[in-house]
Amino acid sequence: MSAALEVAGATTGPGTQAVDPAAHGSAGPWRTALGQLVRNKAAMASLILLVLIVLACLCAPLYASKIAHVDPFASNVSGTTIIDGKTQPLLEPSSTGLGLGVTPIGPTWDPTHYFLGVDNQGRDVFARLLYGGRNSLLIGISSAVICCAIATVLGVLAGYFGGAVDGVLSRLFDVVWAFPVYLLAICLSVVLITSGLDLGPVHIGPGSLWLPIGIIALIYVPYVARPLRGQVMALRQKEFLQASIGIGASDWRVMRREVLPNILPTVIVLLPLMTALNMLTESALSFLSIGVQPPNASWGTIINDGLGLLYTRPAVTIAPGLAIVLTAGALNVLGDGVRDALDPKAKLRGAA
Amino acid sequence: MKSRHVLASTALTAALVVTAGCSSSSTPSSSANASGSAAAPTSFQEQHKGGTLHLVAKAAAGTIDPMINYTLQYWQLYQAMYDGLLAFKKVDGVKSFTVVPDLAEEMPQVSDGGKTYTFTLRKGIKFSNGADVTPDDVVASFTRIFKVNSPTAGSFYNGIVGADACIKTPATCDLSKAVVGDAKAGTVTIHLVAPDPEFPYKLAVPHATIVPKNSPMTDAGTTPLPTTGPYMVKSYDPNRALIMVRNPHFKEWSHDAQPQGYPDEIDETFGLTVEAEVTAVENGQADWVFDPPPADRLNEIGSKYAKQAHVNALTAMWYLAMNVNIAPFDNIKARQAVNWALDRAGAVSLYGGKNLAQPVCTFLPPDFPGHVDDCQYTKGGGTTWKEPDVAKAKQLVKESGTAGQAVAVVTTDDEVNKAIGENVQSMLNEIGYKATLKPISGNIQFTYIQNTNNKVQISLTSWYQDYPAASDFLNVLLGCGSFHPGSDSSINISGFCDKTIDAQMQKALATEQTSMDEANMMWGEVDKAVMTASPTAPIFTPKLIDFLSARVGNYQFSKQFYMLVSQLWVQ
Amino acid sequence: MGRFIVRRFAAALFVLFAISVLVFLIFFATPGVDPAARIAGRNASQATLAQVRHEFGLDRPLPVRYVLMMRHLFIDRDLTSYVNRGARVIPQIWQAVPVTLSLVIGAAVLWMFFGVLMGTVAAARRGTALDPLMVLLGIIGISMPVYWLGEVVNLVTQNALHDSVFSWVPPLGYVPLTENPLQWALRLLFPWLTLAVLYAGIYARVLRGELLSSLNEDYVRTARAKGLSERRILIKHALRCSLIPIVALFGLDFGALVGGAALLTEVVFGLPGVGKLTYDALQNVDLPVIMGCVLYAAFFVVLANAVVDLLYAVLEPRVRYA
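Residue numbers (numbering that gives the first Met the number 0), protein chains in the order written: chain A, 0 to 351; chain B, 0 to 570; chain C, 0 to 321.
It cannot be assumed that every hint is accurate.
[Claimed, not checked] Dumping the calculated BS3-like pairs for lysine-lysine here, alpha-carbon to alpha-carbon at most 25 Å:
| no. | chain 1 | residue 1 | chain 2 | residue 2 |
| --- | --- | --- | --- | --- |
| 1 | B | K353 | A | K85 |
| 2 | B | K353 | B | K385 |
| 3 | B | K114 | A | K85 |
| 4 | A | K65 | C | K225 |
| 5 | B | K48 | B | K114 |
| 6 | B | K332 | B | K114 |
| 7 | C | K235 | A | K237 |
[To be verified] A few chain C residues that face chain B, going by a derived Cβ cut-off under 10 Å, partial list only:
| no. | residue |
| --- | --- |
| 8 | D75 |
| 9 | R87 |
| 10 | A107 |
| 11 | P170 |
| 12 | F268 |
[Unchecked claim] Pulled a few chain A residues facing chain C out of the computed Cβ check, cut under 7 Å:
| no. | residue |
| --- | --- |
| 13 | P28 |
| 14 | A32 |
| 15 | L36 |
| 16 | A41 |
| 17 | M43 |
| 18 | W176 |
| 19 | L272 |
| 20 | A275 |
| 21 | I323 |
| 22 | V324 |
| 23 | N331 |
No wet-lab data here; the hints were simulated from the structure.
Glycine residues also receive a C-beta, built at the ideal position from the N, C-alpha and C atoms.
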């Protein structure tokens, strides 16, 4: 990889030469970053994987109706299917010993016919997986973005201004972080079930996806804001910042031009991390009936449903888990690549 | 009874009418155990005495006070600890429905047209703290029922003279005129306001336990009360365990009423998940799991561990309660459509298969007194349910004019209930509604669906009866007297109050005092009428699995309180 | 320093008050959670219901009930559960504390060790395949729901391979350290690993990012110019300044876990800690125990954050906590 060019305005240390971009006719910082990113093999692989996952999830209706010919949302408990020429019930009753229990059919590894088997309601797992991806990706990514945005603003404000502002914000973080979210979720679900929630002019029903997005975004704000706050507090003491203030730059300008770019790498690392955590938190909330309602699916709800089949059909609970791992993994590797590409000071060890 | 954890209230059967000296057993029992329990040994087998029995349960079941606790989990354990004037015979099979004298020497003398019961106390029985059991203790115990606000004070024991005042102001409760103890003669006399053929049964449940007269007149909570049976509570920590040890002052006085126990110690530990409990029993780390096994372990238990599993039929029912006072189920056609379209076989599958549940089509379960084989909602007709008729249901929904309305199905959030709920939701969508599923935490769902303020349209719930009492099932769940709008305690969940049917029920109740068979026939008619009006949709009747570890022997199943814990052999 | 402590103590009181009020309000604003019917017993008569309501003070106005509950909790210290009547809240929590501490401290040691190791390796070996591999390992850890992981671990160690590979694994449950140290550790081994797997990945990721940033700081350049080895630079210099966000996260996580956030781990492995107590209380919607557990947890969150703020001054001497 080639070394990144110095960006005008960044500090230069001993041994490096200041470069005037205009004199050499080189690309601007964004194009440079993009170039670096493209050359990062791992990041590119992740990007392709992500695109594939998103495409697959978007094609869920196509898959369900044209390829698999199933309705992934209707219970099919007494349904039957033909495997190897034999008609077989989807939920097979046990025939050994006392004949207790029923077992759903397992993966057939045939993409046109119950690829991953069925769940405990007789529904096609793979089709639900694809539909579920839409909800998981939507909730996971939007709540992570909202969370990081709010947390960045609050963290910077708290760390930069200190004093009373920090005091109030830090107490707020404490209250939010110590807050019993499960209790809120349980009680909220009962309220939603009974009468729905009225926030001013807006009526929120139990199936609204904005509710889990909002709740998850808010409860993780302290988790992102406090590390950022700490960093900003350390940054505040640095010379270049002091210098900026010394020459009379306004707080706003300092925050925007000096503080923000320096904490951006941390935010970029935290963003995909929070996406993974949020997708899992969503499953806990959906279990308490806030967010994705049955028979709709998300990867988290499929994992929950599959837990009841862990001892007989582990595929049902492993497949969505794998999906989360792949998506989160790809997002994180890509995130690292973006972070590295944007970091003007990033150099390989030993590079000149 | 609402579930295994709760017992029924009110009117117990008069089928087992008890007059002095006569206690015949009831109607035919339900089908035999799938894995049959061995015939009980008639005498105590010394070689099997000893050892520690290790039971596991997911969680504790509340207060240890026998007069307040209303859960099957502890009633099962109380059988080996507490005694009342009368008791249900502690044997295997249908004879367990028979009431026998326990602390009383013999069945009571009933006089004054059935309003006065005189008991002679056995002599020589001591509490676990060494004190003798005297008539004063009996009087104090009955007063205590009201002072501690027992849940059945108003339903079982309100027939005692002066009970009404006691219920209203328990602090000043004085039953000295109604429950009279004669220390010299060793007798206790109870005066009722009106004759009650079921009174002996009410005396045989743990709420009528006899405790020492100096017991605290408040909820005992976690402090155990002295016992008269073969075991006593050594310690109770609701987060860890309930430890029972032998009562040093126990001497067997009646093998039928209170047999000597085999294990030296019985521990019930709490805190594991049900999956972990099943694994513990399989590994021999525990002896019996109270909670129903999860769906994905049933196959394993039924095949690999078949010898350690016992399946018994229960007189119980899972059903959908439809609110007849709000849309869309205030329309009878909509309700009948649900009965037509309900996939009962599917629900049976979700519960665990044909060997664990049986679809039902009547309000009274099969082999229940008053039950008549009949099915108004099966495709092609007949007396047993075969399959749903979705086309007919769709038509009925259209005719009712309620098509397209939003319906919310309220269930508890555990696996099986949620699965059945999803199936019902899917069915409702199919017949023309816009259905959603609303699972609620198991501990609040039951009171939630009873309160009309919550506007619950349709809910999935169950009712476990501990003794066959047609009056109980029908009158309690569907009688006008059980409907209390706006209250958390309104067991007539459907809010069903039909004057004609209610009159029929009262007539059947009255007939019980003269002829049980005639009364049962009348109950059969009530059942038919209720199914036509369709305020509920019965789904199936469940069976109970007892999963024991390999070392445990002498499994006895009482139809009344289920597995006899004290009779298990661990060595 | 003294002022700092006083200020933070006042802040803690404020946070506890705010949370207790919120919990109380949420509870009573929810339909269907009224404890009277559940305390009275199923199908209790209306008169019994009224009696119970009066006895438990549930017919009094909300603020009075709040004050009464706080008085029972803090002053009389005899607040009892609605569901397990007779069981006092404070002794229940007290009994559960050592279990949670054993679980969380052990897990924390493991996850910090692995997290720092993986993050450092990823940063040092950036550009090679080891970097994304470490990332992926970490992500796998984070992406697994803890309840699921615990169930799978139990499936393997207690059920499937219990007779062969894992026969040394004792039954689920907790044995106090003072009673039998070996059993204590054996029973906690898999819970430690399960909990640690979740967090190690987060710390590895964040540390990698921070290390890479600080490896380009001036003082690191200076150290390089002085001729120090990369390894020494990495460990002695770069690591120290990268720790600020790590310490912040650790404070949040550790504080929350000690307060009972590890509830699913405790439930799955049958450990009777504060988390399990909270979980049971939530399932039962048992307000007194919920209140006790939530306030206990809130206290630790505030404490942990205060300690973290103190640590900033140590890690970055230029930060003066005003």
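Hints and how they fare:
1. K353/B with K85/A: Holds, because 22 Å separates the two Cα atoms, which is no more than 25 Å.
2. K353/B with K385/B: holds (13 Å)
3. K114/B with K85/A: violated (68 Å)
4. K65/A with K225/C: violated (67 Å)
5. K48/B with K114/B: violated (44 Å)
6. K332/B with K114/B: With Cα atoms ~46 Å apart, K332/B and K114/B exceed 25 Å; violated.
7. K235/C with K237/A: Roughly 20 Å separates the two Cα atoms, so the pair holds.
8. D75: This hint is violated: D75/C lies away from chain B, its Cβ roughly 16 Å from the closest one there, beyond 10 Å.
9. R87: holds (9 Å)
10. A107: With a minimum Cβ separation of about 23 Å from chain B (threshold 10 Å), the hint on A107/C is violated.
11. P170: holds (4 Å)
12. F268: Hint holds; F268/C Cβ to chain B Cβ min 8 Å, cut 10 Å.
13. P28: violated (16 Å)
14. A32: violated (15 Å)
15. L36: violated (14 Å)
16. A41: With Cβ-Cβ at 4 Å, under 7 Å, it holds.
17. M43: violated (12 Å)
18. W176: holds (5 Å)
19. L272: holds (6 Å)
20. A275: Holds. Min distance 5 Å.
21. I323: holds (5 Å)
22. V324: holds (4 Å)
23. N331: holds (5 Å)
In summary, the structure is inconsistent with hints 3, 4, 5, 6, 8, 10, 13, 14, 15 and 17 from the numbered list given earlier, while agreeing with the others.
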